[in-house]
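Chains as they are written, first to last, in numbering that gives the first Met the number 0: chain A, 0 to 393; chain B, 0 to 307; chain C, 0 to 324.
Some hints here could point you the wrong way.
To be verified - Here are the simulated DSS-like pairs of lysine-lysine, each with C-alpha atoms no more than 27 Å apart in a straight line: (1) 226(C) / 116(B); (2) 157(C) / 42(B); (3) 106(C) / 73(B); (4) 157(C) / 124(A); (5) 296(B) / 106(C); (6) 114(A) / 251(C); (7) 296(B) / 193(C); (8) 124(A) / 197(C); (9) 313(C) / 129(A); (10) 21(C) / 121(B); (11) 193(C) / 220(C); (12) 45(C) / 149(B); (13) 124(A) / 250(C); (14) 106(C) / 124(A); (15) 296(B) / 21(C); (16) 45(C) / 124(A); (17) 21(C) / 124(A); (18) 313(C) / 285(B); (19) 104(A) / 250(C); (20) 129(A) / 224(C); (21) 112(A) / 250(C); (22) 106(C) / 116(B); (23) 157(C) / 116(B); (24) 114(A) / 317(C); (25) 220(C) / 121(B); (26) 104(A) / 201(C); (27) 124(A) / 313(C); (28) 21(C) / 116(B); (29) 112(A) / 251(C); (30) 129(A) / 197(C); (31) 242(C) / 124(A); (32) 114(A) / 250(C).
For the record, the hints were derived by calculation from the structure and aren't laboratory data. Predicted, not measured: the structure shown is a model, and the values here were computed from it.
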Amino acid sequence: MSVKVIMPQLGETVVEGTITQWLVKEGDRVIKDQSLVAISTDKAEVEIPSPMNGILTKILIEEGKTVPIGTELAIIEEEKAAPSPQPAPVEKKEPHSPLVRRLAKEKGVDLTKVKGTGEGGRITKEDILKYLETQKPAEKEAVEEAKEEKVEVKEPESKFTIPKYQPKEGDKIIPFTRIRKNIAEHMTYSKRTSAHVTSFTEVDMEKIVRLHKENKELSYIAFVTAAVVSALKEFPVLNSSVVDDNIVIKKEINIGIAVDTERGLTVPVIAGADKKSVLEIAKEIQTLAEKVRGGRLSPNEISGGTFTITNPGVKGNLFGTPIINQPQAAILRIGEIIKRPVVKECNGEDVIAVTHMMYLSLSYDHRIIDGVTGNNFLHRIKEILEKGEFVTST
Amino acid sequence: MRLTREFEEEVLRLYKQGKILGGVYCGYGQEAVSVGTTYSLEKGDFIFPLHRDIGAILTKGIDPNILLAQLLGKKTGFSKGKESFLHAGDLESGFFGATSMLAATLPVAAGAALKFKLNKEKHIAVAFFGEGASSRGDFHEALNFSGIHKLPIVYVCENNFYAYSTPQNLQMAIEDLADRATGYGFKGMVTSGNDIHAVLKTMQKAVERARSGDGPTLVECKTYRYHGHSEHDMATYRTKEEVIEWESRDPIPRYEVYLEKKGYDLGKIKEEVSGKIKGVIDEAVKFAEESPYPEGKEAMEDLYATPI
Amino acid sequence: METTYLKAINEALFEEMERDEKVFLLGEDIGVLGGAFKATEGVFEKFGPERVIDTPISESLIVGTAIGAAVLGMRPVAEMQFADFISCGFDQIVNMAATLRYRHGGKAKVPMVIRAPSGAGIHGGLFHSQNPEAWFFHSPGLKIVAPATAYDAKGLLKSAIRDDDPVLYFEHKFLYRRIKEDLPAEEYLVPLGKAEVKRAGKDMTIITYGSALHLCLEAAKILEKEKLEMEVVDLRTILPLDKKTILDSVKKTNKVMVVHEDRKTGGIGGEIAAIISEEAFEYLDGPVMRVAAQDTHYAFSPTLEEFILPNTEKIVVKARELARY
Chain A
0 MSVKVIMPQL
10 GETVVEGTIT
20 QWLVKEGDRV
30 IKDQSLVAIS
40 TDKAEVEIPS
50 PMNGILTKIL
60 IEEGKTVPIG
70 TELAIIEEEK
80 AAPSPQPAPV
90 EKKEPHSPLV
100 RRLAKEKGVD
110 LTKVKGTGEG
120 GRITKEDILK
130 YLETQKPAEK
140 EAVEEAKEEK
150 VEVKEPESKF
160 TIPKYQPKEG
170 DKIIPFTRIR
180 KNIAEHMTYS
190 KRTSAHVTSF
200 TEVDMEKIVR
210 LHKENKELSY
220 IAFVTAAVVS
230 ALKEFPVLNS
240 SVVDDNIVIK
250 KEINIGIAVD
260 TERGLTVPVI
270 AGADKKSVLE
280 IAKEIQTLAE
290 KVRGGRLSPN
300 EISGGTFTIT
310 NPGVKGNLFG
320 TPIINQPQAA
330 ILRIGEIIKR
340 PVVKECNGED
350 VIAVTHMMYL
360 SLSYDHRIID
370 GVTGNNFLHR
380 IKEILEKGEF
390 VTST
Chain B
0 MRLTREFEEE
10 VLRLYKQGKI
20 LGGVYCGYGQ
30 EAVSVGTTYS
40 LEKGDFIFPL
50 HRDIGAILTK
60 GIDPNILLAQ
70 LLGKKTGFSK
80 GKESFLHAGD
90 LESGFFGATS
100 MLAATLPVAA
110 GAALKFKLNK
120 EKHIAVAFFG
130 EGASSRGDFH
140 EALNFSGIHK
150 LPIVYVCENN
160 FYAYSTPQNL
170 QMAIEDLADR
180 ATGYGFKGMV
190 TSGNDIHAVL
200 KTMQKAVERA
210 RSGDGPTLVE
220 CKTYRYHGHS
230 EHDMATYRTK
240 EEVIEWESRD
250 PIPRYEVYLE
260 KKGYDLGKIK
270 EEVSGKIKGV
280 IDEAVKFAEE
290 SPYPEGKEAM
300 EDLYATPI
Chain C
0 METTYLKAIN
10 EALFEEMERD
20 EKVFLLGEDI
30 GVLGGAFKAT
40 EGVFEKFGPE
50 RVIDTPISES
60 LIVGTAIGAA
70 VLGMRPVAEM
80 QFADFISCGF
90 DQIVNMAATL
100 RYRHGGKAKV
110 PMVIRAPSGA
120 GIHGGLFHSQ
130 NPEAWFFHSP
140 GLKIVAPATA
150 YDAKGLLKSA
160 IRDDDPVLYF
170 EHKFLYRRIK
180 EDLPAEEYLV
190 PLGKAEVKRA
200 GKDMTIITYG
210 SALHLCLEAA
220 KILEKEKLEM
230 EVVDLRTILP
240 LDKKTILDSV
250 KKTNKVMVVH
260 EDRKTGGIGG
270 EIAAIISEEA
280 FEYLDGPVMR
290 VAAQDTHYAF
300 SPTLEEFILP
310 NTEKIVVKAR
320 ELARY
């Protein structure tokens, strides 16, 4: 009998997880509940326990890969008569009836996933039949995801290597935390996946600065968010994902605001940003930021984003080349606001004025967004901000 | 009688060659009984022989070829190999197969006789048993019922004084088994079992009685078997003197003496008979030896007349 | 018209004796008295002493005579006054009747029926209550039937008499006057070797025969209220078993229990369970359970009889147990 270890769902809206580290290797004997693999999602880091005693015969997904929920990660096989001194593992589960075993075999059901309502927790005929009903959509998904995985694996691997750096005495060695590992993997994955192109524009922020002075609650980032949302409505391809050979343009506009913390980058999401006023957005950003610092974000609050805005701070942040937050299609980075001499037109004449200026950097996936579209989108954001027309009340 | 004896000698020969499996029970010495009782029966009459009665069924008219094939366990035997020996039967030739439970055929014989009576047929049943078999309950139940209903049946007891190793005095408290008939309401007759004429005469009377509706008769034939109970029995329970005494009463030489006295050319007769018999036996041996054994799966056949 | 189980047997005998003059009856007290239970009432008056024979107390003779007459062409229906006495005719049945055709190379047959009132529940004690079918169950060459309804009693007896092999017909004496039903006026037969689904259901199968059928049907009514739909299969013929009907039902419900009045150990239920386990293992969602009499003798006192015999409640409890599994 063999059992598959699968990527669990660690939050209602969590759709994927990343294999951070395999804690056992192929061929290892494992016992029930022993930690097999460390995975992380955007929020949480979890170790998956073994569902049974046996041998981990196959690891299906390598470390670093991000896979959807339900993906098979490994196979554990029941141990046959052991020649080794280790005592034969005791099967704690109720024995399955012949009918249940046959149905499980015929339909490819992992009995460890079926809830038993018979006496002693035994799985009955009704239980397995009910389970099969619920599994129908998931099966399809799993199959599709498996297909996606296969495509990735086919990438030709580079033969170029650099000798690993050997730490010297005095060097400080900081082992990756789960989140660090996750970020590291995500970054390189993103770069490998999307054809990153970055465009820049500068924005005259005078009007926004004034609005902000009038109501300190209205933060700059809230204004930018609102502007982005408007622009996305006009250029919806920037609010999409690449799925197999399809561009999936999303209906919802959920803006993720990247927040830097000690532990690393977190991106809380303002869901349905298109339905919110600047003030609402500002307030929500504030709340989320506090939650992030307090480590109190729920999985729902960090999932489901369709576009990301990143603001790395006010030092050394003139402009930059942000990395797209997968599986999105674009990311906007807000630069510092600096007073600069700028040529402006005033009463038909060119004058130099000290102006609050801000660079916007837009990285987009050139697989599906061409230069003109990307630039136009970016320009639109600039226009909206410079015009300064916003719904500022709640 | 000669046929019987020769046949049985052939059987012994084959047995010693290992061609006959299981036990062989010889009627050696009792030929007069087997032959004499069956000699005057008609077609439609049924006999219920036991293990020592090859003579009876040969006389009744069965094909010696088939009989020998039966003994060899061949497919061409009466039971197609399913039983050895005389547990098989052949309704065509008018004999019923027995079981090893001695006297169990007696109620069945009574059943046959009952059928003849109910249907008002002129046929009769002749049931054979040894004095030992008469100790079983079936003997009592069958004779009792036959007496009540005056069934057309003759019960022939071959009393050879020994039931395997048990002498008669340990088998019953009486001298003549025929006396028991009185208890069942009919006649018992004792006869000298090694005198073919005596047997014939007695049997005629009994058959008459049965056919006319006067009911059963218990015919007791005093005789002796020269061999043991079966061929693997050394019969050490008998004295040599006793055996020799009875050998002097061998029915076949006895008959030969009679023929001579009557003026028949014994030498010529013997030669003729021998020749005929040899022919019959040789043919039987050839037939039986050349016959095939049944296939293993035939063991599952012939259990039901209407299989479901 | 409503006919009792007993009357159904009586009718079958009458009809077959009229239809075929080769049919005759023999047994103890069956003629003048009409049988200890009146099963043969009226037959002697109608057909006379040549076709209805009052025998001495000789079970071995009764069976042996029946065999002899049957081989030569008649169709006797012998009676054992109580099935318990069949042991006195055991040798004739298993060694003479069951083997006769076999020993005669298929050239003879024994078309006889032995009727035997069997079963407990009438305070009969050890020797008026037995269910001897298991002793004969593994005798090839025999057929065994055990009707549970008046309809089946008549139909099966007629079929048994017309069958060319020795048939043991166990009529359950407890049912004689206690059950009755409307029987068709026109002639009908119930085939040997075919079980019948007396009650269809989807949740659990009960396989049973004889008087236990009625207990099972009662139990099914009770369990229906607990949302347990029982399917009740009446074997009707015990040898040979109707494997197809049994296995079809098991494949349908996936849970099965066998119920019979005969004792548990060595009872037919064990063989049925083995067949199901061997041939329908992958359809079982639970073990094959049995409800049967205790492994002791059929005691006399009512409290003991109650303890020993299966009843509706014991069946219900077992069914619930199996349902929960």
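Hints versus structure:
For the hint linking residue 226(C) to residue 116(B), the alpha-carbon distance of about 63 Å lies beyond 27 Å, and the restraint is violated. Distance hint between residue 157(C) and residue 42(B) is unfulfilled; the C-alpha atoms sit about 34 Å from each other, more than 27 Å. Annotation: proposed proximity of residue 106(C) to residue 73(B) holds, straight-line Cα distance about 16 Å (limit 27 Å). Distance hint between residue 157(C) and residue 124(A) is unfulfilled; the C-alpha atoms sit about 43 Å from each other, more than 27 Å.
A threshold of 27 Å between alpha carbons decides the hint, and for residue 296(B) with residue 106(C) the separation of about 18 Å falls inside it, so the pair holds. With a C-alpha separation of about 23 Å, the suggested pairing of residue 114(A) with residue 251(C) holds against the 27 Å cut-off. Distance restraint check for residue 296(B) and residue 193(C): the Cα-Cα separation of roughly 26 Å lies within the 27 Å cut-off, and the hinted pair is therefore satisfied. Between the alpha carbons of residue 124(A) and residue 197(C) the distance comes to roughly 25 Å, so the proposed pair stays at or under 27 Å and holds.
Straight-line distance between C-alpha atoms of residue 313(C) and residue 129(A) comes to about 31 Å, which puts the hinted pair past the 27 Å bound. At roughly 18 Å between alpha-carbon atoms, residue 21(C) and residue 121(B) fall within 27 Å of each other, so this suggested pair holds. Proposed proximity of residue 193(C) and residue 220(C) is supported: the alpha carbons are some 24 Å apart, at most 27 Å. Between residue 45(C) and residue 149(B) the CA atoms are separated by roughly 24 Å; this keeps the pair inside 27 Å, and the hint holds.
Only pairs whose Cα atoms come within 27 Å are accepted, and residue 124(A) paired with residue 250(C) is accepted, the gap being roughly 12 Å. Taking the CA atoms of residue 106(C) and residue 124(A), the gap is near 52 Å; set against the 27 Å cutoff, the hint is violated. A hinted pair counts as satisfied when its Cα atoms are at most 27 Å apart, and residue 296(B) with residue 21(C) does not qualify at roughly 35 Å. For the hint linking residue 45(C) to residue 124(A), the alpha-carbon distance of about 60 Å lies beyond 27 Å, and the restraint is violated.
The straight-line distance between the Cα atoms of residue 21(C) and residue 124(A) is roughly 56 Å, outside the 27 Å bound, and the hint therefore fails. With a C-alpha separation of about 67 Å, the suggested pair residue 313(C) and residue 285(B) falls outside the 27 Å cut-off, and the hint is violated. The hinted pair formed by residue 104(A) and residue 250(C) meets the criterion: a straight-line CA distance of about 17 Å does not exceed 27 Å. This hinted pair checks out: residue 129(A) and residue 224(C) have alpha carbons roughly 24 Å apart, not beyond 27 Å.
For a cut-off of 27 Å, the pair hint linking residue 112(A) to residue 250(C) stands: about 25 Å separates their Cα positions. Taking the CA atoms of residue 106(C) and residue 116(B), the gap is near 24 Å; set against the 27 Å cutoff, the hint holds. For the hint pairing residue 157(C) with residue 116(B), the CA-to-CA distance comes to about 26 Å; that is within 27 Å, so the pair holds. Between the alpha carbons of residue 114(A) and residue 317(C) the distance comes to roughly 25 Å, so the proposed pair stays at or under 27 Å and holds.
Straight-line distance between C-alpha atoms of residue 220(C) and residue 121(B) comes to about 62 Å, which puts the hinted pair past the 27 Å bound. Between residue 104(A) and residue 201(C) the alpha-carbon distance is near 23 Å, which keeps this suggested pair within the 27 Å criterion. About 25 Å separates the Cα atoms of residue 124(A) and residue 313(C), which keeps this hinted pair within 27 Å; it holds. A hinted pair counts as satisfied when its Cα atoms are at most 27 Å apart, and residue 21(C) with residue 116(B) qualifies at roughly 13 Å.
Pair hint residue 112(A) plus residue 251(C) holds up; C-alpha atoms about 26 Å apart against a cutoff of 27 Å. A C-alpha spacing of about 30 Å is found between residue 129(A) and residue 197(C), which places the hinted pair above 27 Å, so the restraint is violated. Between the alpha carbons of residue 242(C) and residue 124(A) the distance comes to roughly 24 Å, so the proposed pair stays at or under 27 Å and holds. For a cut-off of 27 Å, the pair hint linking residue 114(A) to residue 250(C) stands: about 23 Å separates their Cα positions.
Checked against the numbered hints given earlier, this structure breaks hints 1, 2, 4, 9, 14, 15, 16, 17, 18, 25, 30; the rest are met.
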